[in-house]
Amino acid sequence: MSAALALPTRHDEAYRYADIAALTTLWPVAPQTLRVAAGESGSLSIVAASAGIDVREIAIVLEEGARFDLRVLNAGAAYGRIGVTVDLGKGAQFDFGAAQLGSGEQTLEVVTLVNHFEPDAVSRQTVRSVLAGRATGTYLGKVHVARGAIGTDGSQSVRAMLLDRTATANARPELEIYADDVKCAHGCAVGELDAQGLFYLESRGLAPADAKKLMLQAFIAEAFIGAPGEEALTEAALNALGALL
Amino acid sequence: MTMLKIDNLSATVADKPILKGLSLSVNAGEIHAIMGPNGAGKSTLGYTLGGRPGYEVTGGAVEFDGQDLLALAPHERAAAGLFLGFQYPVEIPGVSNVQFLREALNAQRGHRDEAPLSGAEFLKLAREKAGMLKFDMEMLKRPVNVGFSGGEKKRAEMVQMGILAPKLAILDETDSGLDIDALRIVGDGINAIMRHPDKAVILITHYQRLLDYVEPDFVHVLAGGRIVKTGGPELALQLESEGYEAVAA
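Sequence order for the protein chains is A and B. Each residue of the first sequence is one higher than the one before, starting from 120 at the first, in this note's numbering. Each residue of the second sequence is one higher than the one before, starting from 18 at the first, in this note's numbering.
What the hints contain is simulated information worked out from the structure, not anything from laboratory work. For every residue, glycine included, the Cβ atom is placed at its ideal position computed from N, Cα and C. Some clues are possibly wrong.
Below 25 Å or equal to it, Euclidean Cα-Cα: the simulated DSS-like pairs (lysine-lysine) are [unchecked claim]: (1) K158/B to K331/A; (2) K33/B to K332/A; (3) K302/A to K261/A; (4) K302/A to K209/A; (5) K170/B to K332/A.
Negatives, chain B to chain A, calculated, CB over 12 Å [said to hold, decoys possible]: (6) A45; (7) E93; (8) E108.
Please model the entire structure based on the sequences and the hints provided.
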């Protein structure tokens, strides 16, 4: 048991890009545990927008047919880390959206492990990061499909936008599949704002900073589409974006 | 009154000279058509006047409404009353037409010290202009140009033009990708929005067919980065029957 409490190192896959020095000050991190009973549904919005070090571990168990919607805005912390482990029962559904906005020397990361233990469960993950300055934004996400978990439907959509050449995005969407007859998709892209789109908006009268902001708003909003707290989350994200630009 | 005066304009794209001493004067109330073979510099002219990055002015001057156009950033050119109709309108996922156009219009109005339009005022204006172009208002609530057909994109451009109400519109192959009905709607739209003693249009086109609906006062042939011939509407007909090479030689 004591081994579990040992401070992770960068050799641990889930901590490869972590700010280990910052983590030391909070270690060990006690996970917040959530359990959704069969057929029930729940949701949680996390806005980690304060300065300092913000490290959270969340463990979610979804029983048969249960649903959970988790959304995260990871924006303000010098080191902001959200770790999520989800165990899906038969026919359960997990929707996850996260937006990370960082600048300066911020290190932000989302690390997920989604376990499809039973058949016919659905998991959808959407992560959008906007990174400026020397910030680092990371997504490490594994979808594990156990033997027998047929009919699994898992997706990971991961995109990052770099506003400065000095910013870093790491993305590792991973599928580990031991069952036949499953549907899993993952996509990942790191890029800069589309110059053609920016000129198009500017040619209609938007100042360059406003054109940029409009495109980034749309980009970030994708993480919160369909969330119970969509409006509040989007507004908080726009405030964080305003601070970043 | 001269609205646009292009004097001996030269421009390069990726260090390659495209415009080579182009001169053109456009007065308020006039419609000019610019025709010419592929690679003549027609689109480059539009983008250079619009201020697109990568289109480098290497010589000459452009005066628009008494201002040095080339000294202005793209959004300032828009606020000064310039509208560039794109040959290939750009898709902007996640940004609705309504939100984008209201922000753009209010930014332009801010530049001109005019009060911004409220949401309700803007929607009324947008509905009116969309109706004029027979463009579904529901589509204006969708992301900019995303999933629009070629013809819908061109009509959406004209709705934008109607809402932004520019002094000078430079329309780059607005007729391409339009079927016959859409061509007439777009032509009628251009006339309704821009045919005015205080406004002017430069139509960049390959074909005579748009000019059947929007009759130009002048037709210019652009070849090798310069205007090589200027005439009236009859020049377009002559080009259509004889070809650029014969007419512009």
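Each hint tested on the structure:
Taken as a hint, the K158/B and K331/A pair is honoured in the structure, with Cα atoms around 20 Å apart against an allowance of 25 Å. Distance hint between K33/B and K332/A is unfulfilled; the C-alpha atoms sit about 33 Å from each other, more than 25 Å. Proposed proximity of K302/A and K261/A is supported: the alpha carbons are some 15 Å apart, at most 25 Å. With a C-alpha separation of about 15 Å, the suggested pair K302/A and K209/A falls inside the 25 Å cut-off, and the hint holds.
Annotation: proposed proximity of K170/B to K332/A holds, straight-line Cα distance about 23 Å (limit 25 Å). Listed as a non-interface residue, A45/B keeps its Cβ farther than 12 Å from every Cβ of chain A; the least gap is roughly 21 Å. The Cβ of E93/B does not lie farther than 12 Å from every Cβ of chain A; its closest approach is about 9 Å, which violates its non-interface assignment. The claim that E108/B is not at the interface with chain A is violated, since a C-beta of that chain comes within 12 Å of its own (minimum 8 Å).
Of the numbered hints stated above, those contradicted by the structure are hints 2, 7, 8, listed in ascending order.
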